[in-house]
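Student: In order, the protein sequences belong to chains A and B. Using UniProt numbering, the letters of the first sequence map in sequence onto residues 1 to 416. Using UniProt numbering, the letters of the second sequence map in sequence onto residues 1 to 320.
Since the hints were derived computationally from the structure, they do not count as laboratory data. It is possible that part of the hints are untrue.
Unchecked claim - Examples of chain A residues toward chain B, derived with CB under 8 Å: (1) LYS139; (2) GLU143; (3) LEU410; (4) THR411; (5) LEU415.
Unchecked claim - Covered stretches of chain B (chain A as the covering partner; in silico rule of three or more C-beta atoms under 8 Å from a C-beta of chain A): (6) 106-115; (7) 272-282.
We put the CB at the ideal spot given by N, CA and C, even for glycine.
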Amino acid sequence: MASTLAACGGGGSDSGTPTLTWYINPDSGGQATIAERCSEDSDGAYRIEVAQLPRDSPAQREQLIRRLAANDESIDLMSLDVVFPPEFAQAGFLAPVPEDVAQEVTEGVFQGAVDSATWNDELIAVPFWANTQLLWYRKSVAEAAGLDMSQPVTWDQLIEAAESQDKLLSAQGRRSESLMVWFNALLESAGGQYIEESGESPESIQFGLTTPEAKRASEVMAAVANSSAVGPGFTTASEDTSASEFESDDAGFMVNWPFVYAQAQSKVEAGTLDQSVPDDYGWALYPAVDEGTPSAPPLGGIDIAVSAFSRNVDLAYEAVTCIVQDENQAEYMVTNGNPASSIAVYDDPEVQEAYPMADTIRESLELAASRPLTAYYSEVLGCFLREFHPPGSVNDQTGERTETLTQAVLTGEQLL
Amino acid sequence: MSQTTLPPVEKTQPVSAPGGSISDRSRAERKLGWMLAGPAFVVMLLVTAYPIVQAVYYSLFNYRLTDPENRSFEGLGNYWVILTDGVWWQSILVTVIITVVTVSVELVAGFALALVMAKALSSIRPVVRAAILIPYAVITVVSAFAWQFAFRIDTGFVNSWFAWLPGVSDTTDWFGGQASSLFVICLAEIWKTTPFISLLLLAGLAQVPEVLQEAAKVDGATWWQRMWRVTIPNMKAAIMVALLFRTLDAFRVFDSIFIMTAGANNTESVSFLAYRQTISRVEIGLGSAVSVLLFLAVVLIAFTFIKGFRVDLAQARGER
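Produce the entire structure from the sequences given, and follow the hints as far as they go.
Tutor: Here's what the structure looks like:
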């Protein structure tokens with residue numbers, strides 16, 4: 001794939017053009033298209049080749065970290081999941097973002113997306129696209145349950161509505177990143193923070209898991225997991241599981257990323273799903289923990305980082321500014337289904353047409369809270385999963401146990 | 001090697017040749033042997049001994065790949081952390097359960113399949129052998145995915161096909177608990193590696209002299225008596241080698257767990273633990289220490305089999 005691209009992009013330029021290699025997460029070809037376009041637009045200043053990383057984000061991190069630890073010069077640009085840049089920056093793997101570039105790429109970008117790419121008060125990566133979860137509901141079910149979806153709803157209300165209608169409330173109870181996504185959203189909505197103070201060394205990190213807010217978040221998580229509204233395979237349910245549950249006849253409510261809408265549409269086109277199903281889809285802001293608490297939807301997405309070992313750091317940043325342009329983000333959103341990090345993109349008529357829920361996504365991204373930012377994210381996540389999975393067993397002691405375990409693991413006193 | 005050269009030496013002795021010439025010859029032979037095997041030996045040292053030594057060295061440090069400057073000497077500290085941690089013993093327990101269950105089931109099933117292959121009509125023998133060997137040819141990750149899809153609550157067919165069994169229904173979540181997850185993992189392992197055992201046992205069966213069987217028949221031994229008193233004792237070496245290889249393999253189980261449960265619900269094996277410390281957490285020191293302990297466990301198993309059960313690898317190859 002990379003060689004075809006190189007042939008296309010480099011068609012008009014001479015062979016002396018420097019080549020930038022962009023390690024991308026697998027998508028539906030959108031990043032490759034953008035790479036090609038920016039190569040052409042650069043008038044021979046550079047040529048971008050893409051190289052694919054593994055499918056899931058922990059595996060992407062593993063590959064990049066091993067290469068960068070060996071000072072691999074073949075990496076120029078990287079598409080990084082929003083939770084990873086701090087670890088890379090702390091290790092000295094990322095080239096500092098030039099002042100003017102930082103200014104340009106943060107203008108008109110969702111604050112949450114900028115925050116997640118900021119470490120020690122400096123921008124360390126460039127926000128590319130920003131994902132968020134919405135509350136999806138079947139209009140027919142919400143109506144039958146008498147739930148007014150134009151108002152903010154709470155988890156308790158959803159459990160009650162789903163149980164009363166004998167329908168499913170789909171969330172992700174699997175032992176993976178998605179459980180952290182869910183818990184963090186609950187915690188932020190309750191007013192807490194997973195990491196209250198992040199320090200340089202592992203010992204100086206202050207966790208916020210013993211607070212009343214964390215206890216409330218744990219309570220809600222257990223209430224959902226133990227309710228009769230979740231599917232039988234809840235402890236192994238992933239985003240895909242939820243999406244297919246939501247297409248079934250038992251569907252009621254679901255928290256999930258916006259891909260579910262595009263997925264249902266393409267199933268209709270393929271003839272495997274009836275048009276009446278996506279027609280019944282409604283969307284609203286992520287549920288709150290209690291009445292009166294704000295909704296704090298999860299924030300996801302991809303940042304683009306430049307390797308410190310790249311031989312063309314300046315050119316790489318030039319390329320990044322081209323890649324994250326609004327037109328590219330808009331097209332990427334329409335063709336690949338990944339929401340833009342630039343606010344202005346949501347006014348694009350094509351985006352509005354492809355995404356009837358574009359305004360809800362924008363509103364959600366404005367409220368979105370990022371997952372704990374730390375250079376030790378993998379450890380923090382691993383400890384969290386050990387204590388919080390299965391979600392049905394979570395109680396008000398779980399937070400404290402997780403804190404103790406995380407401290408012990410980070411100081412090397414315990415295995416993970 | 002030494003066994004194959006023994007008989008000629010014994011034969012030459014009665015001729016009362018001077019001892020010196022024999023030792024010259026054997027010295028020359030030994031030299032030739034080293035020259036022939038030398039390059040392979042050096043390559044083996046490079047690709048296996050070097051990484052092992054390096055792992056042992058790293059295991060003495062507190063060393064994080066993303067933080068090389070703060071590397072510090074820990075001595076045996078990493079080993080202490082591991083051996084006093086419940087996670088390590090949990091993974092040992094899981095690994096031992098998987099090893100014992102899969103190897104014992106595979107031995108019985110593999111023996112039955114070997115008998116089928118040995119006794120099958122010669123016209124259908126190639127077909128039978130190919131059919132039995134197919135699972136072994138499947139890549140482990142692929143087989144793990146196949147079994148996962150079969151048992152998963154959303155895509156699987158097992159729940160609807162076997163709903164008549166007690167304890168199985170549409171809502172059985174096989175990967176939701178430790179025992180049921182391990183059951184599926186063991187099943188996948190057994191399906192995949194039984195052919196390997198049966199192949200080794202088939203070679204063993206072929207070594208049992210037909211004359212012994214005939215003699216036993218003449219003496220009026222039943223099929224069962226012949227099996228227990230003639231066939232099995234005569235293929236003991238093959239059985240032990242099959243057991244040894246499979247035990248070593250099973251103890252390092254990784255792929256099936258990685259794909260099916262990713263270590264959820266206490267299904268983590270020792271290899272998986274090493275993988276997570278070294279590759280995911282990039283804690284090279286701690287991870288190396290887990291790997292070294294795994295290596296020691298494997299050495300212990302091999303040693304127990306070879307010394308304890310007197311497994312002779314050369315004998316299994318039919319050299320004696």
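Student: Flag every earlier hint the structure violates by its number, smallest first.
Tutor: Violated hints: 1, 2, 3, 4, 6; rest satisfied.
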